[in-house]
Every structure is written in C-alpha cells, then in structure tokens.
Amino acid sequence: MIELIAQNPILAALIALVGLAIIFGALLGFAAEKFKVEGNPIVEQIDELLPQTQCGQCGFPGCRPYAESIANGDAINKCPPGGQATINAIASLLDVPAPELDEEHGQESPVRTVAYIREDECIGCTKCIQACPVDAILGAAKLMHTVIADECTGCDLCVEPCPVDCIDMLPVAETLTDWSWSIPKKPGQLIATDTRGELSHAHTQGGGA
Amino acid sequence: MSQTWVTPGGVHPPENKHQSLTQSIGVLPLPEKLVVPLNQHIGAPAIPCVEVGQKVLKGEVIAKAAGTVSIPMHAPSSGVVSAIEHRPIAHASGMLAPCIEITTDGEDRWIAHEGVDDYEHLAPRKLLEIIANAGISGMGGAGFPSAVKLNPGRQRPILTLIVNATECEPYITADDSAIRERAAEIVEGIKILSAILDHPDNIFIGIEDNKPEAIEALAPHVEGTGISVVSFPTKYPSGGEKQLIYILTGKEIPSGKLPADLGMVCINIGTTYAIKRAVVNGEPLISRVTTVTGDAVGVQRNYETLIGTPVSHLLAHSAFDEKACSRVIMGGPMMGFTLPSADVPIVKTTNCILAPSYAEIPDDEPAQPCIRCGMCAEACPVSLLPQQLFWYSQAQDHERLEAHNLFDCIECGACSYVCPSNIPLVQYYRASKSEIRKARAEKVKSDHARERFEFHKLRMEQAEREKEEKRTARREAALQASAAPSNPSSSVPSSSAADIIAAAQARAAAKQATPEQQQAQLERTIAAAEQRLIVAEQKLAEAIEKGSANQSVLSAAVENTRQKLEQAKAKLAELTA
Ligand code: SF4
Ligand code: SF4
Ligand code: SF4
Ligand code: SF4
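Line by line, the protein sequences are chains R and A. Residue 209 is where the first sequence ends in the numbering used here, and the numbering goes up by one at each step. Residue 577 is where the second sequence ends in the numbering used here, and the numbering goes up by one at each step.
Source of the hints: derived by calculation from the structure; they are not laboratory data. Small disclaimer: the values here were computed from a predicted structure and weren't measured. Check the hints yourself; a few may be wrong.
As the list claims (entries may be wrong) - Across the chosen pairs, the derived CB separations fall in these ranges:
#1 R:GLN45 / A:ALA123: 53 to 63 Å
#2 A:GLU32 / R:LEU176: 18 to 28 Å
#3 A:ALA520 / R:LYS34: 37 to 47 Å
#4 A:GLN394 / R:PRO110: 15 to 25 Å
#5 A:PRO254 / R:ALA6: 48 to 58 Å
#6 A:ASN405 / R:ALA6: 52 to 62 Å
#7 A:CYS49 / R:PRO99: 16 to 26 Å
#8 A:ASP117 / R:LEU170: 54 to 64 Å
#9 A:HIS199 / R:MET169: 43 to 53 Å
#10 R:LYS34 / A:GLN394: 17 to 27 Å
#11 A:ALA319 / R:SER180: 33 to 43 Å
#12 A:SER482 / R:ILE123: 37 to 47 Å
What the hints assert, rightly or not - Below, a list of computed lysine-lysine pairs in the DSBU-like style, where the Cα atoms sit at most 30 Å apart:
#13 A:LYS457 / R:LYS142
#14 R:LYS142 / A:LYS443
#15 R:LYS127 / A:LYS323
#16 R:LYS142 / A:LYS470
#17 R:LYS36 / A:LYS445
#18 R:LYS127 / A:LYS457
#19 A:LYS323 / R:LYS185
#20 A:LYS445 / R:LYS127
#21 R:LYS185 / A:LYS443
#22 R:LYS36 / A:LYS443
#23 A:LYS470 / R:LYS78
#24 R:LYS185 / A:LYS539
#25 R:LYS78 / A:LYS445
#26 R:LYS127 / A:LYS467
#27 R:LYS78 / A:LYS323
#28 R:LYS78 / A:LYS257
Glycine included, C-beta positions come from ideal geometry on N, C-alpha and C.
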C-alpha cells in the first residue's frame, strides 16, 4: 500500500490534498460552532454608538429598535440626543456619507439635562414612573417621587405625563472635575489683539527675558 | 557619584532663578482672611467639620478627609470661621469651589500638638496615619495624597526611594531655598520615609547641577546615611516623575504603569520636609515655601506662606506693580496657568507666583499654521510626535490620538516652547485628553442606561405576562360559572368543571416559585373572590326580589364563588401554618 503510494506521485498528492481538506474543513466547522456570533453584529455595533437615552425621538421605542432599523437601511440622522457626533460615528461605521441631523426629530441640545421633580408638588400619581424607560424615578402611589439623577438619561419622557407639571428638565451644571480646556482657534486666524487676556492659554511662550 | 542617564528631547529655557535667591526664606505678616479650599489634592474634597462663627486654633482640623484618597484640612492660623462657601480658587477655569474662610485674630495660637522622636520604633502603619492626618499631599506636582502613595501594598516592595529635588522649571526656587536652609530636617524626613518603606536598598535625591549651594547643604547631612545625592545636567523637563526615574535608574515606566509597579516611589523634596514636621513636630501641613518672582514685583524672594493666603496679599507685600505686569501666573512659565484673579488662595501645591513684566513674558504671539518642521518632536521628552497629535486633535480623531499615546504626554510645554509657529500645542492636548475622558465616561453611562432599559423592558414584559395569566384564569372561572346552570339540580359544581379549575390552579401554583409569591397570589385570589361573592350575592338578592327565573343559576354561582373562597382561605392557612 505505502509502496504503491510512494511510487505514484499523483495518488500521493491526491491523498495529501484530501487529507488537508478534511482537516481544515473540520477545523472551520469547529470554529464556526465554537465562536458563533450571537445576534446581529452590525445591530450591536450601531446600538453601541447610539446614546442610549431611550427617548424615542427617532420614532422607535428605544435605541435598539432604531439600531435594527438602521441596519435595515433606515436613515442614520434621526437621533437628536446623539447629534452630529453619533451620526458621524455611524456614518464611518457603515461607510456612508454623514448627513445633517434631521430637524424633524428634534434638535441637538448643547447641555445635558436631567429631570428634577419639585417634590412638594408631587401628588404621587406614579405616572412618571411608568413613563421612565430606565427606572430612574423612585416613588410609590400617593407618596412623593424623586429622580435618581445619576440614572436619568434626560430623555424627557416623564415630563409630559405629569398631571401637575412638577417635573423640570434642569441642565447639569459643569463642575471643576469635568471642566476642560477648549481646542484653541485654528492657527493663522488670530489677530494679535485677540489673544490678550485669553485665560484658556496656559502655556506662556517664553521665559525669555 | 553614581551613573545617570539622559532623557530624549528637552529644552533649555532661560533659568531666571537667581532673582529670587538673593534673600533667605521670608515670613509675611498674617493676612486678615485665609481661604482654605476643600479640594487642593487629587481625590475627594474634604468635608467641613466646623461651623460658621466657630473659633479655631492654628492647626485645628477644619475639614475631614472623605475616604482614603483624600486629605483633611487644618486651620492655618487661629481665628474665627467666617464663611463656608464657594470661592474663586486657583484653577484655570476660573470656577468657584467650596472653601472655608477664616478671619484671623492675629494671635496665631497653636492647638496642643506633639510629635514623636523615635519614629524608628513606630510601625509604618502608624507613621502613615500621622502623615494622612497631617493633610499632606504631594507638594510638587498634582497633589496626590502622600499616605496613599507611600502605601503601595504588600505585594510590591519598594526597593528604590527617589526624592525629587529637580525643580527644573524656570523661575521657581522654592525647593532650592528650602534645601539650603532646612537640609537637616529634609534629610530627617527622608529617614522617616525610609522607615515607612522598610528601608529601601537605594535612596536617591535627584537634583539638577544648577543648584550647587543646595547640593553642598545636603552633603554633611547625608553622610553615612546611605542616601545619595545625585546631580545631573540641567535640562527642562527633568523633574517629571518618569523622566527623573529614567535619569537616575535608567528604567522606563511603561505607559499606564506606576513607579510602584517597578518597586519605586518618587516624592517631592518639599513633601519630605512636611513629613518631618508632621511626625517629629506634630504639625499638620498648613504652610509651604512659595516663590514670588517676576519683574513686576519689586521684592523677589521665597516666603513661608500659610495655605489659604490670598495671592494678592503676597503681591501686596512684594512691591507689586500692577501696571507693569502682563499676567499673574501660578506655577512656572512652562506648566503654570494664568490666574483669573489675584484673590485666589495659595494651596498646598503652589510653588510659585510669577508676575512677569511685558518684556519678560510678552503676550502670546498669534499662532501660525504648522510648517511640519519637526522641532516639537525633537523637544518632546517622551518621544511623542507632537505635530501629529496636533493634527489629530484638530480633527478630534480620538482613536489616532490614543494610538499615538496622547495620554503619555506630561504637558510639559517643551513642544510649544520650541514651536516656531507659536502653536499652543499643550492646550490642544489638554482639550483632547478631557474630550477622550468625557467620551469614555459617557460610554460607561450609556452602557449602564442600556442595561437598565433592557431590565425595564424585561420587567414590563413579565408584568404583562402575569396580567395575561390572571385574565386567562378569570376567563376560565367565567366559563365554569356559565357551565353551572347546565346542571342546576346540583348545588356543587360539576366534577369536570371543578377539575378544570383545580388543574388551572395547580398549573398556576406550579409557576409560582417561592411560598411568598404563592401567599401573595392566594391573598389576591381571596380578595378577588370576596369581591365577586359580594357582587353575586347582590345579584341573587335582586333576582329573588324581582322573582326572576334565573335564581337557581345565580345561587349556584354564589355557592361556587363561596367554595373557591373557602378553598383559597384553607390553602392560605396551610401555607402560613
Ligand atoms: S432618538 Fe432617543 S431613542 Fe432614538 S436612538 Fe436617539 S437616544 Fe435612542
Ligand atoms: S427621569 Fe424622566 S427624563 Fe430621566 S430618564 Fe426617567 S423619564 Fe427620562
Ligand atoms: S507637552 Fe507633551 S507632547 Fe509636548 S513636549 Fe511635553 S510631553 Fe511632549
Ligand atoms: S514645532 Fe510647531 S510648526 Fe514645527 S512641526 Fe511642531 S507643531 Fe508644527
């Protein structure tokens, strides 16, 4: 048998190739099982980029349904909380041109807001609790409610249902810890007199007396 | 002298250190008001433990540390707490931060305090406690709580202690003058550190060769102690922690690692003095040496300054000429920042107040476009590519910025110093760093929101399912009730109908997991059955009154409901028994 193969190179090559095909086939089959990707990866990736405010301004009940819709070819410019940054990120992910935000769905707000319940006016109707998509409101029937500010996504959904209008959307104040330097104006666009008194410029060219 | 290594890049800006070294460390008259910010360090702000109107003594605790990575604050002088409120502090943003204001009484009376002499025999834990309670945070850089830094955990023994006396930034001479005048105490502080760290094999004092007087002052005190004073050629920035470690040991701290990971600790020399005062003299950190310099002040010298002293007070006693001054800078010309106002207080990290004239530090030249000369890359001590970082910062390309190690930039300003186009490069890096940090924080937040939203959906679905189950059960009961009249002769429900109900109940019971749930379910059933019984009885009474024909049907229904109620009650009794 061995001799026969050794003497017949074509047969030897054939056996080797078939053997390799079987081995790699098995390997690929195993890998496909072992590293199976659950769900639709592109939906996951788009969902990762959406702001998860869950506000429904895009016309879908939450960010994930919108991600699914984008994966099925919907426009990518319907999410006002994410704004241009999100549109750009999705555009670069899907390799499509980035459109402007669709004003129909709302405007991008420059400041983050969170809901605040004026507690002494709250009648304890639990309507806002039912509206909150992330369970950020604490309360019970006929008892005062309050918003857990850290959990609130600022989606605005609890404001409308409140029968006594005691929920305000307040901007989150900038603190020392999240203050940041701003990107300077583009070089070549400054006039000398503009720079005077510009606080944000720490480095002072020089030391040169 | 031991071997030293040479860092890449670096610049040689004019030193301008001699002006402030002509006189010894001075003491200022007591300011009328001292403003102590609650967050002078990295970590959580201290929590005030005094009230407005309360009398305090010098050195008394006025704010407690909030957790481990935090430090307490002490009254820098005796007086009355006159305000606890937001005040402008030394921060480039010009924002307000919580502060405690003390109106001094001029007596400067100390609280009873006591040090320990034989620190050699104290447990390191005890010494660290003293340092933490004295409110000591790093006095050279960002202000990291020293007790935390000195306690890197058992797994990482510290083999090398490096004392940073580099003071590489122009104009600043606070450490230099402190070493000249307090070498003995500084060396004692280093000995305390050595005791805390279980006597590391190597103890280096790293100092630039432009401070011969300081090196000379240290020499007699370190003799025979095992501490070596290592001087090396002056170059900016040699004083960065990672740079100094490389110069002294030739070891590079990998990106994202701490010196402690390589068995090293690096402590500023000013901090060692504070540690000596805390341990041996029992004094908390309430004052520090601060350089007041620049051509716009008549007297350029170092002062032992109380923490909380307004910058304006320092300037007023230094013959400050406001008209001649281009700006007031806290820190040095390379890494410092322009103060929004001179009313901000001196904090534990303030090593210098620089009030230069216009000739000395002119206004920033307008930035020109980058000409790709590459001088910035040559100057960078971390071997980054500043011009690439600059382009990516402009484009806000976070991925590339991180790939080009933006976070290894020490913000030394060497690149902007050499840039012929006057581009404020460091500001781009600072802005980009915070943008990236913000984006990271937002990612965490949105992931969290997604999780909560998904849980919310799950919860709603479950509630819906439960409702649906109840509805089905009710429908079945109704079915069974309508089945009753088909057998009016019997007052007990037909066995088949009873079987269906029993089966449904058994199914429902099987779905219930815990006895609590079962009990709650039963209680709900009972309440519902009671309601139904009342309604059925009313209907029956009405029917009897009107003498209507379906009396038997109704009485069967009443009987049926009553039985169910009884069953449920019996079960509940069984369950709670
Ligand atoms: S519009 Fe609201 S719900 Fe829709 S994707 Fe944006 S954040 Fe999510
Ligand atoms: S509290 Fe109001 S604004 Fe905040 S997440 Fe809930 S529903 Fe939205
Ligand atoms: S500021 Fe950053 S990029 Fe510029 S020279 Fe210093 S370390 Fe390098
Ligand atoms: S030094 Fe300035 S001009 Fe030259 S490459 Fe760097 S950023 Fe561009």
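Now for the hints, and whether the structure bears them out:
For GLN45 (chain R) and ALA123 (chain A), the Cβ-Cβ distance of about 54 Å falls inside the hinted range of 53 to 63 Å, so the restraint holds. For GLU32 (chain A) paired with LEU176 (chain R), a C-beta distance near 26 Å keeps the hint of 18 to 28 Å intact. For ALA520 (chain A) and LYS34 (chain R), the Cβ-Cβ distance of about 44 Å falls inside the hinted range of 37 to 47 Å, so the restraint holds. Distance hint check for GLN394 (chain A) and PRO110 (chain R): the Cβ-Cβ separation is about 21 Å, which falls inside the suggested range of 15 to 25 Å.
One distance hint, 48 to 58 Å for the beta-carbon pair PRO254 (chain A) and ALA6 (chain R), holds here, with the actual separation near 55 Å. At roughly 58 Å, the beta carbons of ASN405 (chain A) and ALA6 (chain R) sit within the given window of 52 to 62 Å. Checking the proposed 16 to 26 Å range against CYS49 (chain A) and PRO99 (chain R) shows it is violated: the Cβ atoms sit about 56 Å from each other. Between ASP117 (chain A) and LEU170 (chain R), the C-beta spacing of about 56 Å keeps the proposed range 54 to 64 Å intact.
The hint said 43 to 53 Å for the Cβ distance between HIS199 (chain A) and MET169 (chain R), and at roughly 59 Å that hint is violated. At roughly 44 Å, the beta carbons of LYS34 (chain R) and GLN394 (chain A) sit outside the given window of 17 to 27 Å. A C-beta distance of roughly 37 Å is found between ALA319 (chain A) and SER180 (chain R), which places it inside the suggested range of 33 to 43 Å. Checking the proposed 37 to 47 Å range against SER482 (chain A) and ILE123 (chain R) shows it holds: the Cβ atoms sit about 42 Å from each other.
At roughly 24 Å between alpha-carbon atoms, LYS457 (chain A) and LYS142 (chain R) fall within 30 Å of each other, so this suggested pair holds. At most 30 Å may separate the alpha-carbon atoms for a hinted pair to count; LYS142 (chain R) and LYS443 (chain A) exceed this at roughly 36 Å. The hinted pair formed by LYS127 (chain R) and LYS323 (chain A) fails the criterion: a straight-line CA distance of about 62 Å is larger than 30 Å. Distance restraint check for LYS142 (chain R) and LYS470 (chain A): the Cα-Cα separation of roughly 26 Å lies within the 30 Å cut-off, and the hinted pair is therefore satisfied.
Distance hint between LYS36 (chain R) and LYS445 (chain A) is fulfilled; the C-alpha atoms sit about 28 Å from each other, no more than 30 Å. For the hint linking LYS127 (chain R) to LYS457 (chain A), the alpha-carbon distance of about 17 Å falls within 30 Å, and the restraint holds. Between the alpha carbons of LYS323 (chain A) and LYS185 (chain R) the distance comes to roughly 28 Å, so the proposed pair stays at or under 30 Å and holds. Between LYS445 (chain A) and LYS127 (chain R) the CA atoms are separated by roughly 25 Å; this keeps the pair inside 30 Å, and the hint holds.
Among the hinted pairs, LYS185 (chain R) with LYS443 (chain A) is consistent with the structure: their alpha-carbon atoms are about 28 Å apart, no more than 30 Å. Between LYS36 (chain R) and LYS443 (chain A) the alpha-carbon distance is near 26 Å, which keeps this suggested pair within the 30 Å criterion. For the proposed pair LYS470 (chain A) and LYS78 (chain R), the alpha carbon gap of about 40 Å is over 30 Å, so the pair is violated. Of the supplied pair hints, the one linking LYS185 (chain R) and LYS539 (chain A) is violated, its CA atoms being roughly 82 Å apart against a limit of 30 Å.
A threshold of 30 Å between alpha carbons decides the hint, and for LYS78 (chain R) with LYS445 (chain A) the separation of about 21 Å falls inside it, so the pair holds. Between LYS127 (chain R) and LYS467 (chain A) the CA atoms are separated by roughly 19 Å; this keeps the pair inside 30 Å, and the hint holds. Note on LYS78 (chain R) and LYS323 (chain A): the hinted pairing is violated, with a Cα-Cα distance of about 55 Å set against a maximum of 30 Å. Proposed proximity of LYS78 (chain R) and LYS257 (chain A) is contradicted: the alpha carbons are some 42 Å apart, above 30 Å.
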